[in-house]
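Peer 1: This is what each chain is made of:
Number of protein chains: 2
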Amino acid sequence: MAVNAAGRDIPSSIPGYGEVRPYQGAFARVPEGFRAGGRLKAVNGSCRDKRLKDIEAAIVASGLKSGMTVSFHHHLRNGDYVVNRVMDACAALGIRDLTLFPTALFGVHKKLIDHIKSGVIRRIMGSVNGPIGQLVSEGGMDAPVVLRSHGGRPRAVAAGDVHIDVAFVAAPCADRYGNLSGAEGPGACGSLGYTFTDAQYADCVVAVTDHLRPYPIAPISIPQYLVDYVVEVDSIGDPAGIVSGTTRVTRDPLRLLISQYASRLIEASPYFVDGISFQTGAGGIPLAVTAFMKEAMKKRGIKGSFGLGGITGYFVDLLKEGLVEKLMDVQSFDLEAVKSIATNPNHIEISADWYANPWNGGAAVNMLDVVILGATELDRNFHANVNTEADGALLHGIGGHQDTAAGAKLTIIAQPLLRGRIPCVVDKVHSVTTPGEVVDAVVTEYGVTLNPRRTDLLEACQAAGNVPLVSVDELVDRAHRMAGPMDPVAQEERIVGVVEWRDGTVIDVVRQLKQKA
Amino acid sequence: MAVNAAGRDIPSSIPGYGEVRPYQGAFARVPEGFRAGGRLKAVNGSCRDKRLKDIEAAIVASGLKSGMTVSFHHHLRNGDYVVNRVMDACAALGIRDLTLFPTALFGVHKKLIDHIKSGVIRRIMGSVNGPIGQLVSEGGMDAPVVLRSHGGRPRAVAAGDVHIDVAFVAAPCADRYGNLSGAEGPGACGSLGYTFTDAQYADCVVAVTDHLRPYPIAPISIPQYLVDYVVEVDSIGDPAGIVSGTTRVTRDPLRLLISQYASRLIEASPYFVDGISFQTGAGGIPLAVTAFMKEAMKKRGIKGSFGLGGITGYFVDLLKEGLVEKLMDVQSFDLEAVKSIATNPNHIEISADWYANPWNGGAAVNMLDVVILGATELDRNFHANVNTEADGALLHGIGGHQDTAAGAKLTIIAQPLLRGRIPCVVDKVHSVTTPGEVVDAVVTEYGVTLNPRRTDLLEACQAAGNVPLVSVDELVDRAHRMAGPMDPVAQEERIVGVVEWRDGTVIDVVRQLKQKA
Numbered sequence: 001m002a003v004n005a006a007g008r009d010i011p012s013s014i015p016g017y018g019e020v021r022p023y024q025g026a027f028a029r030v031p032e033g034f035r036a037g038g039r040l041k042a043v044n045g046s047c048r049d050k051r052l053k054d055i056e057a058a059i060v061a062s063g064l065k066s067g068m069t070v071s072f073h074h075h076l077r078n079g080d081y082v083v084n085r086v087m088d089a090c091a092a093l094g095i096r097d098l099t100l101f102p103t104a105l106f107g108v109h110k111k112l113i114d115h116i117k118s119g120v121i122r123r124i125m126g127s128v129n130g131p132i133g134q135l136v137s138e139g140g141m142d143a144p145v146v147l148r149s150h151g152g153r154p155r156a157v158a159a160g161d162v163h164i165d166v167a168f169v170a171a172p173c174a175d176r177y178g179n180l181s182g183a184e185g186p187g188a189c190g191s192l193g194y195t196f197t198d199a200q201y202a203d204c205v206v207a208v209t210d211h212l213r214p215y216p217i218a219p220i221s222i223p224q225y226l227v228d229y230v231v232e233v234d235s236i237g238d239p240a241g242i243v244s245g246t247t248r249v250t251r252d253p254l255r256l257l258i259s260q261y262a263s264r265l266i267e268a269s270p271y272f273v274d275g276i277s278f279q280t281g282a283g284g285i286p287l288a289v290t291a292f293m294k295e296a297m298k299k300r301g302i303k304g305s306f307g308l309g310g311i312t313g314y315f316v317d318l319l320k321e322g323l324v325e326k327l328m329d330v331q332s333f334d335l336e337a338v339k340s341i342a343t344n345p346n347h348i349e350i351s352a353d354w355y356a357n358p359w360n361g362g363a364a365v366n367m368l369d370v371v372i373l374g375a376t377e378l379d380r381n382f383h384a385n386v387n388t389e390a391d392g393a394l395l396h397g398i399g400g401h402q403d404t405a406a407g408a409k410l411t412i413i414a415q416p417l418l419r420g421r422i423p424c425v426v427d428k429v430h431s432v433t434t435p436g437e438v439v440d441a442v443v444t445e446y447g448v449t450l451n452p453r454r455t456d457l458l459e460a461c462q463a464a465g466n467v468p469l470v471s472v473d474e475l476v477d478r479a480h481r482m483a484g485p486m487d488p489v490a491q492e493e494r495i496v497g498v499v500e501w502r503d504g505t506v507i508d509v510v511r512q513l514k515q516k517a
Numbered sequence: 001m002a003v004n005a006a007g008r009d010i011p012s013s014i015p016g017y018g019e020v021r022p023y024q025g026a027f028a029r030v031p032e033g034f035r036a037g038g039r040l041k042a043v044n045g046s047c048r049d050k051r052l053k054d055i056e057a058a059i060v061a062s063g064l065k066s067g068m069t070v071s072f073h074h075h076l077r078n079g080d081y082v083v084n085r086v087m088d089a090c091a092a093l094g095i096r097d098l099t100l101f102p103t104a105l106f107g108v109h110k111k112l113i114d115h116i117k118s119g120v121i122r123r124i125m126g127s128v129n130g131p132i133g134q135l136v137s138e139g140g141m142d143a144p145v146v147l148r149s150h151g152g153r154p155r156a157v158a159a160g161d162v163h164i165d166v167a168f169v170a171a172p173c174a175d176r177y178g179n180l181s182g183a184e185g186p187g188a189c190g191s192l193g194y195t196f197t198d199a200q201y202a203d204c205v206v207a208v209t210d211h212l213r214p215y216p217i218a219p220i221s222i223p224q225y226l227v228d229y230v231v232e233v234d235s236i237g238d239p240a241g242i243v244s245g246t247t248r249v250t251r252d253p254l255r256l257l258i259s260q261y262a263s264r265l266i267e268a269s270p271y272f273v274d275g276i277s278f279q280t281g282a283g284g285i286p287l288a289v290t291a292f293m294k295e296a297m298k299k300r301g302i303k304g305s306f307g308l309g310g311i312t313g314y315f316v317d318l319l320k321e322g323l324v325e326k327l328m329d330v331q332s333f334d335l336e337a338v339k340s341i342a343t344n345p346n347h348i349e350i351s352a353d354w355y356a357n358p359w360n361g362g363a364a365v366n367m368l369d370v371v372i373l374g375a376t377e378l379d380r381n382f383h384a385n386v387n388t389e390a391d392g393a394l395l396h397g398i399g400g401h402q403d404t405a406a407g408a409k410l411t412i413i414a415q416p417l418l419r420g421r422i423p424c425v426v427d428k429v430h431s432v433t434t435p436g437e438v439v440d441a442v443v444t445e446y447g448v449t450l451n452p453r454r455t456d457l458l459e460a461c462q463a464a465g466n467v468p469l470v471s472v473d474e475l476v477d478r479a480h481r482m483a484g485p486m487d488p489v490a491q492e493e494r495i496v497g498v499v500e501w502r503d504g505t506v507i508d509v510v511r512q513l514k515q516k517a
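Chains A and B, in that order, give the protein sequences. The first sequence runs 1 to 517 under the UniProt record's numbering. The second sequence runs 1 to 517 under the UniProt record's numbering.
The hints are simulated quantities; they were obtained by calculation from the structure and are not laboratory data. Each statement offered as a hint is correct.
Result set (DSBU-like, lysine-lysine): computed pairs, CA atoms no more than 30 Å apart in a straight line:
hint, chain 1, residue 1, chain 2, residue 2
1, B, K110, B, K65
2, A, K41, B, K41
3, B, K65, B, K53
4, B, K41, A, K409
5, B, K339, A, K320
6, A, K320, A, K303
7, A, K303, A, K339
8, A, K303, B, K53
9, A, K41, B, K409
10, B, K320, A, K320
11, A, K53, B, K303
12, A, K65, A, K41
13, A, K53, B, K409
14, B, K111, B, K53
15, A, K339, B, K320
16, A, K303, B, K339
17, B, K339, A, K339
Chain A side only, calculated, beta carbon under 8 Å to chain B, not exhaustive:
hint, residue
18, F34
19, R35
20, L40
21, A158
22, Y177
23, I220
24, Q224
25, N360
Ideal placement from N, C-alpha and C gives every residue a C-beta, glycine not left out.
Model the full structure from these sequences, guided by the hints.
Peer 2: Structure, rendered in structure tokens:
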């Protein structure tokens, strides 16, 4: 055991994970050597059609064997049919001990629990939202889940930490030679940002589509020369689960107040000038912050340069109204975003590598001024936890949390002080996702709490005069008083989750929950 | 010495090139292992502007040292200012013994001869059109020039045969964080197809631009995360040399007759159906074939799927008129093509890797039905030579000749029987670029000459009834009679050029010309 730079006790080696490289600081680790490369193959014109008759045929053709690593992406979110279908086929073919390397799993993937129990799936590296996270937390898997951020995942692949044997790409639109797009089709999802790394580095790439169009399609997200096989299925997913009809600004007065404080902080900051860039995601508070900022931008005549990240209709409106010049989209959250990316040349599809990889020539997060994030917990050190819930269960992925926090000039975590009776600002978070050194401010209904190292922001807020300030100690004390004493999470020694910082070091671990008596 | 599969005597090793892997057949070589990868680097948000003050500063920052390999692309063609400028700077900085790895050099690069003579440039791997080719042919360089096709070049890089230390990308449009595009600016050149491989695999990428726009630009060809430095200069090139105002259909009656015969062959072939795809390039005869085909397509109500390769205004018209659904563009030849690719989503920019690399998951040439090519010579074995002129001088690159011939179902070489008094169809070509096994037909003013292995095409032509047929032996004999006896090329033993087949094997060599008495 050794204490890492986030103050966490981490063993030097973890069964099922291997040697631990402890977190050394947000920007401390520097890579050596060269990027990995996918398998070389010679393909000539003797076959002009990469279609195979079904997923089973593609699995056989891909050479997928027991013990290998298979990857998936989550643009189909809770509507996805492809992961379950492929895993069922692997099970039927007698393939076992697979490492699953999805970008994220959702409630719809609950079915995989059977394949975990039967040994078809041996390890998971990726976000486990919901039921599989619960299973893992209760000790239901032998190997710990490895959590990586949207930027940490392509970094791990490019650096050779993870080798993908077969990548399965759910493609809303495809042609027979493997050009892929998310722009059209019944399962249209917009950006295919998370799939680029998998298509580029996997030994074999299988596209699964329900919307085959004549060669060549346009636009093309993933080009033909990275794709080996194409399989047509009846449906890749349920459109209702793929895109939400609308994402909504919060109407809760408490959350609106938080949003207003966050907006005032941004307006007071030196970043609220022409060319401002921001990421706000799809939550109720961030969307409300966007709405407040929009009014402020109009009032002050300020125009933004770009909106980043998971894109919603609110951002599309900003683009249409000329309040931002461009959108850079790694994941399109709603129908408006899906429509916009297919038709507006200023709505740019970016890969996760482009978005957030700390080990390339410069990711988009590096150009970000302001990001509004959430967290399940935040502590006196400004460490943020987004992975575990108050009961210690590992229910959420990292997403772009670490990456945007590390890249943005102003990283704001906006959330109520308590959720129900549970304090969100505490002495020490149960699990660290993002270290305090890259968090600049917490905004609650009690005002703005600045990281003490941001004396520049303190001065800016004081000068603005309309930003209520509250210290982190006051906030913790208040939360304690309101919530009363909390029982510590009852946990076993056994590690069930490894939280990597975006550079591949381990920032924290998650331990198995003690069974309730 | 050993005879390779194209019947050429090739030494087993060549000074300045190394071990020779002899050509084994068009599709014989199968790769093993993995693609190379560029250097890993950690870049965070502490620098949000990759601009350096000049090319000298970028060379220093790039770590470029004597003996390294630097790459360039030729989208600026004979208007390019960047190659000369960078080489002047290298010379001024005392850097020597460089390997130059351009996609192609032109007349405008004649200045480099000084740097060759002074030892700044020690080797060239790339097409040497014109004066540098002449210098090389006369023995002016120590190491032989290595010629690769548009597909062979990315293959060589991906397979690790060539490692690029620093890539210089002339960018008609760029932003301060290195997103690059050819779509706009005074040096707009349309597609940046040849630059993708260099940007992806080089250790360091330097963009040179004369049109800096706010971050982020759109559209983006080369993304920021592959680019290390950006340098602003007054001008990257002379627009008049970058794009031709118009490319022209031939008006010469003899060439029109050839074009008409070629068109009849295509119409008679089984490929002249809905969905036909073709590449015709920018020469006078191919453009005339396009014009004839266009009429025939209209008359027969046929619609094509895509036009490929270097794109001209003639292809843009086909797209606009709905006679092809898509254009796949690795190089935009004229102003109409440059305009179209910037605005029409069905005009798709493709990389050279996508276009033609034989060692990826499937290049665009593999989907090609018909290609019309030229050649300086063709022989009884249907071997084509595009590299050397009748006097044996190495004046031309391979371009996509090998790749499209290998990929297309119908490869036509269309040319007059004689150029001046020089026969173009001979007993044995001076140098083999493309082997007869991937050439299907030669079309001259005397009719269509089919490769005997294409009995299917013979039957189709006979059925059509309007295609004059002439055997290759008749053609050679006729050319002999017309031209009279030719002096053989007087050459030394020393090898000055190595012609690689697209898979990295050596199909032929070019020897130094004997000095005229």
